[in-house]
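Whole structure, please, built from the sequences with the hints as guidance.
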Amino acid sequence: MEILRETIRSLLSNKLRTFLSMLGIIIGIASVITVMSLGEGTTANIKETVSSLGSNVLSIYPGFSGGRGGFIAQRITSSTKYEDAQYIKDSAPHIINAAPIVEGYNTLKFNDYSYSAEGVGTTPEIKDIVNMTVESGSFFTQEDIDNMSNYIVLGSTVAENLFEQANPLGQKVYVITSLGKVAFTVIGVLKEQGSSIMLDIDNAYFMPYTTADARIFHENGNASMILAKASSEEETELAQIELDFLLYGLLGNENSYRISSQNTMLEAISQITGVMTFILVAIAAISLVVGGIGIMNIMLVSVSERTREIGIKMALGASRSRILLEFLFESIILTFIAGIIGVSLGTGLSNLIAGFAAQYDLKSITTVGSVLVSFGVSSGVGLFFGIYPARKASKLSPIEALRYE
Amino acid sequence: MGKIEVHALRDVSFSVERGDFSIIIGPSGSGKSTLLQILGCLDRPSSGEILIEEKTINTLKDRELSVVRNRKIGFVFQRFNLLNNMTALENVELPMIYAKASMKERKNKAKELLELVGLGDRMNHKPSELSGGQQQRVAIARALANDPAFVLADEPTGNLDTKSGEEILGIFHKLNDMGKTLVIVTHDMDMVGEGNKVVHIRDGLIEKISSGGVV
Numbered sequence: 001m002e003i004l005r006e007t008i009r010s011l012l013s014n015k016l017r018t019f020l021s022m023l024g025i026i027i028g029i030a031s032v033i034t035v036m037s038l039g040e041g042t043t044a045n046i047k048e049t050v051s052s053l054g055s056n057v058l059s060i061y062p063g064f065s066g067g068r069g070g071f072i073a074q075r076i077t078s079s080t081k082y083e084d085a086q087y088i089k090d091s092a093p094h095i096i097n098a099a100p101i102v103e104g105y106n107t108l109k110f111n112d113y114s115y116s117a118e119g120v121g122t123t124p125e126i127k128d129i130v131n132m133t134v135e136s137g138s139f140f141t142q143e144d145i146d147n148m149s150n151y152i153v154l155g156s157t158v159a160e161n162l163f164e165q166a167n168p169l170g171q172k173v174y175v176i177t178s179l180g181k182v183a184f185t186v187i188g189v190l191k192e193q194g195s196s197i198m199l200d201i202d203n204a205y206f207m208p209y210t211t212a213d214a215r216i217f218h219e220n221g222n223a224s225m226i227l228a229k230a231s232s233e234e235e236t237e238l239a240q241i242e243l244d245f246l247l248y249g250l251l252g253n254e255n256s257y258r259i260s261s262q263n264t265m266l267e268a269i270s271q272i273t274g275v276m277t278f279i280l281v282a283i284a285a286i287s288l289v290v291g292g293i294g295i296m297n298i299m300l301v302s303v304s305e306r307t308r309e310i311g312i313k314m315a316l317g318a319s320r321s322r323i324l325l326e327f328l329f330e331s332i333i334l335t336f337i338a339g340i341i342g343v344s345l346g347t348g349l350s351n352l353i354a355g356f357a358a359q360y361d362l363k364s365i366t367t368v369g370s371v372l373v374s375f376g377v378s379s380g381v382g383l384f385f386g387i388y389p390a391r392k393a394s395k396l397s398p399i400e401a402l403r404y405e
Numbered sequence: 001m002g003k004i005e006v007h008a009l010r011d012v013s014f015s016v017e018r019g020d021f022s023i024i025i026g027p028s029g030s031g032k033s034t035l036l037q038i039l040g041c042l043d044r045p046s047s048g049e050i051l052i053e054e055k056t057i058n059t060l061k062d063r064e065l066s067v068v069r070n071r072k073i074g075f076v077f078q079r080f081n082l083l084n085n086m087t088a089l090e091n092v093e094l095p096m097i098y099a100k101a102s103m104k105e106r107k108n109k110a111k112e113l114l115e116l117v118g119l120g121d122r123m124n125h126k127p128s129e130l131s132g133g134q135q136q137r138v139a140i141a142r143a144l145a146n147d148p149a150f151v152l153a154d155e156p157t158g159n160l161d162t163k164s165g166e167e168i169l170g171i172f173h174k175l176n177d178m179g180k181t182l183v184i185v186t187h188d189m190d191m192v193g194e195g196n197k198v199v200h201i202r203d204g205l206i207e208k209i210s211s212g213g214v215v
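So the sequences go chain by chain: A and B. Residues in the first sequence are numbered consecutively from 1, following the numbering used here. Residues in the second sequence are numbered consecutively from 1, following the numbering used here.
Bear in mind the hints are in silico, worked out from the structure with no lab data behind them. Note that the structure is a prediction, hence the values are computed from the model and not measured. Backbone N, C-alpha and C define an ideal beta-carbon position, used for all residues, glycine too. There could be a bad hint or two in this list.
No farther apart than 25 angstroms at their CA atoms in a straight line, the calculated lysine to aspartate or glutamate pairs in the DMTMM-like style are these [to be verified]: (1) Lys-100(B) - Glu-2(A); (2) Lys-126(B) - Glu-405(A); (3) Lys-107(B) - Glu-2(A); (4) Lys-126(B) - Glu-305(A); (5) Lys-392(A) - Asp-43(B); (6) Lys-126(B) - Glu-2(A); (7) Lys-104(B) - Glu-2(A); (8) Lys-61(B) - Glu-129(B); (9) Lys-109(B) - Glu-2(A); (10) Lys-395(A) - Asp-43(B); (11) Lys-15(A) - Glu-129(B); (12) Lys-72(B) - Glu-400(A); (13) Lys-111(B) - Glu-2(A); (14) Lys-61(B) - Glu-400(A); (15) Lys-395(A) - Glu-64(B); (16) Lys-395(A) - Asp-62(B); (17) Lys-392(A) - Glu-64(B).
Residues on chain B that point at chain A, a partial pick, calculated with CB under 8 angstroms [as the list claims (entries may be wrong)]: (18) Ser-13; (19) Phe-14; (20) Gln-37; (21) Ile-38; (22) Arg-69; (23) Asn-70; (24) Leu-94; (25) Ile-97.
In structure tokens form, the structure reads like this:
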């Protein structure tokens with residue numbers, strides 16, 4: 001206790017120096033916290049995005065052999081077809097639902113308003129697979145697909161941009177294609193859902209598959225992708241194996257299709273953000289080492305400045321270990337306080353950055369873990385870089401220390 | 001190239017009794033500083049023996065020596081050697097902190113001692129706010145903090161003007177009258193008359209031991 005008071009007294013006796021020597025650690029900890037918080041926020045963001053679709057969703061793409069041209073060629077010539085969705089749903093025991101998707105980027109027009117978004121031709125099953133909710137009106141039915149009805153359901157962002165305050169239901173909108181424009185009647189508007197990796201539902205519009213294919217995309221039944229839903233999250237992997245088996249049997253070539261699950265995407269992305277965060281933290285940690293050397297330097301100066309004081313204390317009966325502890329405490333307290341300031345500064349800074357970059361959906365999450373690690377590391381730096389100066393102080397001979405001018 | 005051993009002291013043997021006011025006197029270079037360091041347990045003699053209260057200190061480890069310095073010896077230095085960032089009271093408390101006395105004990109004892117040396121009204125002043133004589137009085141109070149076996153003073157009046165020096169000597173006599181044991185090391189021949197036992201040393205040898213005039 002007394003050592004602690006003694007230490008604080010000596011730190012306070014030279015405030016400017018104390019602050020300057022802390023600065024290195026403060027900056028180091030602040031940058032570590034900032035990077036960790038933003039990294040954590042980004043990872044959480046991605047996870048949220050991915051899981052908004054439901055983590056038991058599998059997507060099947062037509063395979064391709066190299067390049068964009070390969071992809072398009074493959075899509076046109078072969079692999080995943082409209083009927084495959086029904087086949088998958090019926091044949092794979094752990095797939096409870098599947099929907100084919102044909103898609104393209106087109107401009108929508110309503111009166112003088114126009115808006116470009118992802119056009120999606122699909123079947124009503126999509127609603128269940130990606131958990132979409134109709135806010136007003138209704139979604140198209142199987143009957144509409146059979147009849148090739150000109151119905152359209154708008155994502156929330158699309159509806160906002162095209163209609164602003166007006167009621168879209170029953171209105172005529174036009175999809176502009178390279179061959180002209182196709183008229184559709186709005187029968188529903190979807191609830192805002194947030195974007196996901198596979199499908200940005202808010203920024204898309206949905207039409208019966210048959211209508212979309214025949215009037216807009218002209219793919220002749222070749223699907224851009226098929227979304228399939230596994231019976232549960234745990235059985236997603238099993239469902240993926242079944243799908244692989246089915247599609248291989250169907251297409252006879254493992255290169256003509258790709259199956260990806262939310263989890264594999266999530267893993268891949270988490271790995272990338274994890275590595276990025278680690279690299280950035282490592283770079284930030286270098287400043288901690290630099291800060292630590294600064295502390296050591298200042299402690300060495302302090303030891304030689306206070307040589308006489310050390311001598312006096314030894315003459316009065318302070319043991320070597322007591323002198324050692326005094327100096328060690330000083331550097332640890334110095335770095336610990338620097339840690340506190342650094343953590344609060346870093347938290348503030350990462351929130352500030354996240355605030356400025358809000359349009360990129362950047363989030364800052366400061367975890368208890370990263371705060372604890374920061375305190376641990378900063379105190380550890382104090383301990384590590386404080387030991388040498390403290391030992392030096394404690395090894396002084398009392399006579400020489402007393403004689404020191 | 002080894003170190004050449006120089007014997008600063010040879011055949012120095014004397015004793016200080018409880019209640020003595022001893023003066024160790026000698027010109028500079030006589031070895032009195034070395035004697036002071038050994039008496040103060042800041043160093044161990046290369047040969048010979050130091051006994052404090054019949055116990056040898058020769059075989060003590062560093063840690064045990066620091067305990068002896070803390071409990072048995074009260075230092076008073078020529079240059080006062082107070083800690084500048086502490087108040088007078090805190091300076092006096094310091095040896096008691098090392099002796100692990102409780103806060104209340106410490107405060108009471110330190111106040112009592114500062115009143116004894118006539119600084120009851122200056123307790124919360126820092127050394128820089130005190131005159132040389134006052135600083136030395138704080139140092140004396142500090143030396144008495146753990147009721148040591150003896151007070152060891154190194155040229156206690158060396159840095160003071162005559163008047164302050166006399167005041168300090170007055171305090172020493174007062175302490176001696178209270179039964180405190182004092183050992184004063186000096187080169188100042190005027191001090192000869194102050195103690196009841198005077199050890200003259202020259203060139204590392206004891207020239208003579210005489211009994212002093214006054215006490």
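Hints, one by one, checked against the model:
1. Lys-100(B) - Glu-2(A): It holds: about 9 angstroms lies between the C-alpha atoms, which stays within 25 angstroms.
2. Lys-126(B) - Glu-405(A): Distance ~21 angstroms between Lys-126(B) and Glu-405(A) Cα, so the pair holds.
3. Lys-107(B) - Glu-2(A): Answer holds: Lys-107(B) to Glu-2(A) is near 14 angstroms, not above 25 angstroms.
4. Lys-126(B) - Glu-305(A): 19 angstroms, holds
5. Lys-392(A) - Asp-43(B): The hint holds at about 19 angstroms.
6. Lys-126(B) - Glu-2(A): 19 angstroms, holds
7. Lys-104(B) - Glu-2(A): 13 angstroms, holds
8. Lys-61(B) - Glu-129(B): 38 angstroms, violated
9. Lys-109(B) - Glu-2(A): Holds - the C-alpha atoms of Glu-2(A) and Lys-109(B) are around 17 angstroms apart, at most 25 angstroms.
10. Lys-395(A) - Asp-43(B): 14 angstroms, holds
11. Lys-15(A) - Glu-129(B): 21 angstroms, holds
12. Lys-72(B) - Glu-400(A): Since the Cα atoms of Lys-72(B) and Glu-400(A) sit roughly 21 angstroms apart, the hinted pair holds (cutoff 25 angstroms).
13. Lys-111(B) - Glu-2(A): At roughly 19 angstroms apart (the allowed maximum being 25 angstroms), Glu-2(A) and Lys-111(B) satisfy the hint.
14. Lys-61(B) - Glu-400(A): With Cα atoms ~18 angstroms apart, Lys-61(B) and Glu-400(A) stay inside 25 angstroms; holds.
15. Lys-395(A) - Glu-64(B): 16 angstroms, holds
16. Lys-395(A) - Asp-62(B): Holds. Lys-395(A) to Asp-62(B) sits at ~11 angstroms (cutoff 25 angstroms).
17. Lys-392(A) - Glu-64(B): Distance ~20 angstroms between Lys-392(A) and Glu-64(B) Cα, so the pair holds.
18. Ser-13: 22 angstroms, violated
19. Phe-14: Violated: closest Cβ of chain A sits about 21 angstroms from Phe-14(B), beyond 8 angstroms.
20. Gln-37: Holds: closest Cβ of chain A sits about 5 angstroms from Gln-37(B), inside 8 angstroms.
21. Ile-38: This hint is violated: Ile-38(B) lies away from chain A, its Cβ roughly 10 angstroms from the closest one there, beyond 8 angstroms.
22. Arg-69: Status holds, d = 5 angstroms.
23. Asn-70: Status holds, d = 2 angstroms.
24. Leu-94: 6 angstroms, holds
25. Ile-97: This hint holds: Ile-97(B) lies near chain A, its Cβ roughly 5 angstroms from the closest one there, short of 8 angstroms.
In summary, the numbered hints that this structure violates are 8, 18, 19 and 21.
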